[in-house]
Amino acid sequence: MIILLEINPNQRNCTMKQYQHLKKEERFYIWNELRTGSTQKQVAIALKRSPSTICREIRRNRYGNTKMYTYHWALEIVRNRKWRVSRTKHRKMDQALTEEIERLVQCYLSPEQVSGYLSEHHDISISHENHLSVYLRE
1 MIILLEINPN QRNCTMKQYQ HLKKEERFYI WNELRTGSTQ KQVAIALKRS PSTICREIRR
61 NRYGNTKMYT YHWALEIVRN RKWRVSRTKH RKMDQALTEE IERLVQCYLS PEQVSGYLSE
121 HHDISISHEN HLSVYLRE
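1 is the number of the first residue of the sequence shown in our numbering; add one for each residue after it.
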């Protein structure tokens, strides 16, 4: 869950606003309205979403390199993106992982290269910041 701070310039305190993903019904509405000639801003107002949310949805989920946004293609891209994220294994730093990182660091790989290597060869996802402490000990 992602929580965004919404700052109103007329108020001194901040309110919390919960971020929500677009639902498939909203994606269908976007596609249908764009086909009939509505603007992104009109769609945003109708869905009570930020215009930047609609713009980002269209940009990230359009068909190939074209400017064409289709409901079915957007759903497929979202499904694939969720699948890729869910199959990546997140792992805590343990002794074996620390030793593997130390071995890779001794081969003069940068933290980014170590992360890429572990992701590609061992299907392990860790950020380069996670093993920076190992990198600094060398």
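FYI, nobody ran anything at the bench for these hints, they're computed from the structure.
Remember, predicted model here, so these are calculated numbers, not experimental data.
Honestly, I wouldn't trust all of these hints.
As a list, the in silico BS3-like pairs of lysine-lysine whose alpha-carbon atoms are at most 27 Å apart [stated by the list, open to error]:
{"id": "1", "residue 1": "K48", "residue 2": "K23"}
{"id": "2", "residue 1": "K67", "residue 2": "K23"}
{"id": "3", "residue 1": "K48", "residue 2": "K67"}
{"id": "4", "residue 1": "K41", "residue 2": "K23"}
{"id": "5", "residue 1": "K67", "residue 2": "K41"}
{"id": "6", "residue 1": "K23", "residue 2": "K82"}
{"id": "7", "residue 1": "K48", "residue 2": "K82"}
{"id": "8", "residue 1": "K82", "residue 2": "K24"}
{"id": "9", "residue 1": "K24", "residue 2": "K67"}
{"id": "10", "residue 1": "K67", "residue 2": "K82"}
{"id": "11", "residue 1": "K24", "residue 2": "K48"}
{"id": "12", "residue 1": "K24", "residue 2": "K41"}
The hints, checked one at a time:
no., hint, result
1, K48 - K23, "holds (13 Å)"
2, K67 - K23, "holds (21 Å)"
3, K48 - K67, "holds (23 Å)"
4, K41 - K23, "holds (18 Å)"
5, K67 - K41, "holds (17 Å)"
6, K23 - K82, "holds (14 Å)"
7, K48 - K82, "holds (25 Å)"
8, K82 - K24, "holds (14 Å)"
9, K24 - K67, "holds (20 Å)"
10, K67 - K82, "holds (23 Å)"
11, K24 - K48, "holds (15 Å)"
12, K24 - K41, "holds (19 Å)"
Comparing the model with each earlier hint shows no violations; every hint is respected.
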